[in-house]
Amino acid sequence: MNPLWLSHFTATSSIGRGLAQTLDALRQRRAGLAPCAFDTVDLATFIGEVAGVDTVQLPAHLADFDCRNNRLALLGLMQDGFAEAVRAAIVKYGAQRIGVFLGTSTSGILQTELAYRRRDPVTGALPADFIYGTTHNTFSVADFTRHYFGLTGPAVVVSSACSSSAKVFSSARRMMAAGLIDAAVVGGVDTLCLTTLYGFNSLGLISEQACRPFDAQRNGISIGEAAAFALLEHPQENLSADAVLLLGVGESSDAYHMSSPHPDGLGARMAMQDALKMAGLEPTEIGYINLHGTATPSNDAAEGKAVAAVFGSATPCSSTKGATGHTLGAAGGVEAVICALALQHGLLPAGLNTRQLDFSLDLDYLLENREQPVARVLSNSFGFGGTNCSLIFGRANP
Amino acid sequence: MTLTATLTAYVEGIGLLGPGLADWPGSQAVLGGSQPYQPHKTILPPPVLLPAAERRRSGAIVKLTLATGLEAIAAAGLDAASLPSVFSSSGGDGENCHAICEMLASDDRQISPTRFHNSVHNTAAGYWSIATGAMATSSVLSAFDASFGAGLLEALSQVVVDNTRAVLLACDTAYPEPLYSARPIPDAFGIALVLAPQRNAQSLAKITVSLTDASADRLDDAALEALRIAIPAARGLPLLRAIALRQEQRVVLDYLDSTHLAVAIVPC
Chain H
0 MNPLWLSHFT
10 ATSSIGRGLA
20 QTLDALRQRR
30 AGLAPCAFDT
40 VDLATFIGEV
50 AGVDTVQLPA
60 HLADFDCRNN
70 RLALLGLMQD
80 GFAEAVRAAI
90 VKYGAQRIGV
100 FLGTSTSGIL
110 QTELAYRRRD
120 PVTGALPADF
130 IYGTTHNTFS
140 VADFTRHYFG
150 LTGPAVVVSS
160 ACSSSAKVFS
170 SARRMMAAGL
180 IDAAVVGGVD
190 TLCLTTLYGF
200 NSLGLISEQA
210 CRPFDAQRNG
220 ISIGEAAAFA
230 LLEHPQENLS
240 ADAVLLLGVG
250 ESSDAYHMSS
260 PHPDGLGARM
270 AMQDALKMAG
280 LEPTEIGYIN
290 LHGTATPSND
300 AAEGKAVAAV
310 FGSATPCSST
320 KGATGHTLGA
330 AGGVEAVICA
340 LALQHGLLPA
350 GLNTRQLDFS
360 LDLDYLLENR
370 EQPVARVLSN
380 SFGFGGTNCS
390 LIFGRANP
Chain Y
0 MTLTATLTAY
10 VEGIGLLGPG
20 LADWPGSQAV
30 LGGSQPYQPH
40 KTILPPPVLL
50 PAAERRRSGA
60 IVKLTLATGL
70 EAIAAAGLDA
80 ASLPSVFSSS
90 GGDGENCHAI
100 CEMLASDDRQ
110 ISPTRFHNSV
120 HNTAAGYWSI
130 ATGAMATSSV
140 LSAFDASFGA
150 GLLEALSQVV
160 VDNTRAVLLA
170 CDTAYPEPLY
180 SARPIPDAFG
190 IALVLAPQRN
200 AQSLAKITVS
210 LTDASADRLD
220 DAALEALRIA
230 IPAARGLPLL
240 RAIALRQEQR
250 VVLDYLDSTH
260 LAVAIVPC
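Protein chains in written order, with numbering that gives the first Met the number 0: chain H, 0 to 397; chain Y, 0 to 267.
There could be a bad hint or two in this list.
Rough simulated footprint, nothing fancy, chain H against chain Y, three-plus residues with beta-carbon under 8 angstroms [unchecked claim]:
no. : stretch
1   : 103 to 115
2   : 119 to 131
3   : 176 to 185
Simulated restraints on C-beta separations [claimed, not checked]:
no. : chain 1 : residue 1 : chain 2 : residue 2 : range
4   : Y       : A213      : H       : Q27       : 32 to 38 angstroms
5   : H       : R86       : Y       : A213      : 23 to 29 angstroms
6   : H       : S239      : Y       : R249      : 54 to 60 angstroms
7   : Y       : E176      : H       : G149      : 48 to 54 angstroms
8   : H       : A308      : Y       : P44       : 36 to 42 angstroms
9   : H       : A124      : Y       : P44       : 51 to 57 angstroms
It should be emphasised that the hints constitute simulated quantities derived from the structure, not laboratory data. Positions of the beta carbon are idealized from the N, C-alpha and C atoms, including for glycine.
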């Protein structure tokens, strides 16, 4: 593929608002996970909640979009001058030449969960103030974003569970290559809700402690929430050396099971190999892998086997979900931003909470931060329904 | 504003299922206007291709997706296992969403694993991959009422940029009360299209798509027009009508509020 430039990017998660706080948390090995006190949830688990989401106010003309997911989206757009960068891109390219491609798994479903507590006792009707289309609906966060900026180009939500906001890079890449648009706002936003907390609990996939990816005793995920965005443009001439480029994308489906990965990580392997092929790179040219690493026994085992099959055991890797929690539909976006920070600052972030590595998985899993220049990195995002996406990012001047 | 970029592909197979529309061969005369449209509730066939356990767990969106997708791929004479896929649905399984929200508002919040894994927007894509053995990429999209257009653009960009065939599966299913009052989708409707980068013996029509601010075409038949408006996936009906008529035509499909899709159709 022709590389695409992440001209601006930002992430807001439980470890911080924006890049400076996120980088500082990674450097200080600070996790954002805490015992769950969200809403009325009565589960013994840890979550990665973003502070202050409830106090975010949407502009009055977009009040119909008001829900936790769009509040977090706006909070995310406000960081690192990202909104200003989008506005500058509109001046440069035109509002119809910029696409919006955002990932989410549950969108604003919390709004419907709350509305179901306020049904009319006689008719069963939902409250009159409940607006489905602009809050709960899967498209809501992309629709909010395009209205917020006045964008009129193609817009879509990718909702393939935990691969959603990795796969947005692929959709944007194709549409930019097809010439329909000149730039794209990509990313992911997912927020805490009861459906995912009780749903993952029903599958026995939630840890009672802060999640421990690739630990021998790992026993499930910690659910988090996040908003991450990147502005994709064709590279301009004379990019600075630390400019971050999207170099390759690989996608596959497991064709195996709805909620368990292929035991040998076959689909995951295909996604990583396809990303390398698209980037024209050998496995040895990847300096760090941000693993999907959810901390469920089956995910980490399957991913570990797949990574070992493609890369051997020498490539430094870690899962940052011990810090952020699993932010589901936002995870691919958050981890793309963490990869960009790794490239720009020469920081290979340690996996947190992991005490004793699962030695059946033969990987160079980082338990301590490693400060060293890195030129190209790969990020894995795999999801329910067997949907896999691997992204490769690199410095403009390795 | 008509932007210059266009995306061209060849339609090789069509699947169609909706109220009073049982399949593509049987619906062409209705869409073309030579037979009357007689709406009745959509009949969803059982998903026989799925293993027994998955078949039991599958909801309407899975049945609809499998039925329309397999019809299109069989018509094109292709193997589903080899095809990249684009799933576009305005909101997924409304019945399942209702059941989950009802439980979460009750004293017993222990929703079942099946309920939960049917709640993800990519449920139909996951079942499709299991049923067909397809390990190629699948894009799973939502754009609310613009979902058909969003899916068509995604599938076309795959065909054009990655020089591959792709199958578009645009499906929506009914919402039960009380959600229905907030999202009045009355029945199941799906369109599947196999799109290819080159013309082949099985090509039905060449389509060339661009963005436009022209208004979306309406259908002459009042009942079909009501269907087009009521169910987002049915916004693709003017394209199918043009293919059914086997005439060179230009139609405008509904997409986002201010941006629509101009489609030039040339029969093959």
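Note whether the CB distance of A213/Y and Q27/H lies within 32 to 38 angstroms or breaks it.
55 angstroms, violated
Could you check the hint for me, namely that R86/H and A213/Y are 23 to 29 angstroms apart, CB to CB?
Roughly 28 angstroms apart at Cβ, these two residues keep to the hinted range, so it holds.
Given the range 36 to 42 angstroms, decide if the beta-carbon distance of A308/H to P44/Y lies inside it.
39 angstroms, holds
Chain H covers the stretch 119 to 131 of chain Y, three or more CB atoms within 8 angstroms, holds or violated
As far as the stretch 119 to 131 of chain Y goes, the hint holds, because 10 residues have Cβ atoms under 8 angstroms from chain H.
Between E176/Y and G149/H, does the beta-carbon spacing fit 48 to 54 angstroms?
Violated: the Cβ-Cβ distance is about 36 angstroms, outside 48 to 54 angstroms.
Confirm or reject the coverage of the stretch 176 to 185 of chain Y by chain H under the rule of 3 or more residues with a beta carbon closer than 8 angstroms to the chain's beta carbons.
Held - the stretch 176 to 185 of chain Y has 6 residues with a Cβ nearer than 8 angstroms to chain H, which meets the minimum of three.
In this structure, is the beta-carbon distance linking S239/H and R249/Y contained in 54 to 60 angstroms?
Between S239/H and R249/Y, where Cβ atoms are some 46 angstroms apart, the hint is violated.
Check of the stretch 103 to 115 of chain Y against chain H for coverage (Cβ-Cβ below 8 angstroms, three residues minimum):
holds (count 9)
Given the hint of 51 to 57 angstroms, is the C-beta distance from A124/H to P44/Y inside that range or not?
Violated, at about 34 angstroms.
When held up to the earlier numbered hints, the structure conflicts with 4, 6, 7 and 9 and fits the remainder.
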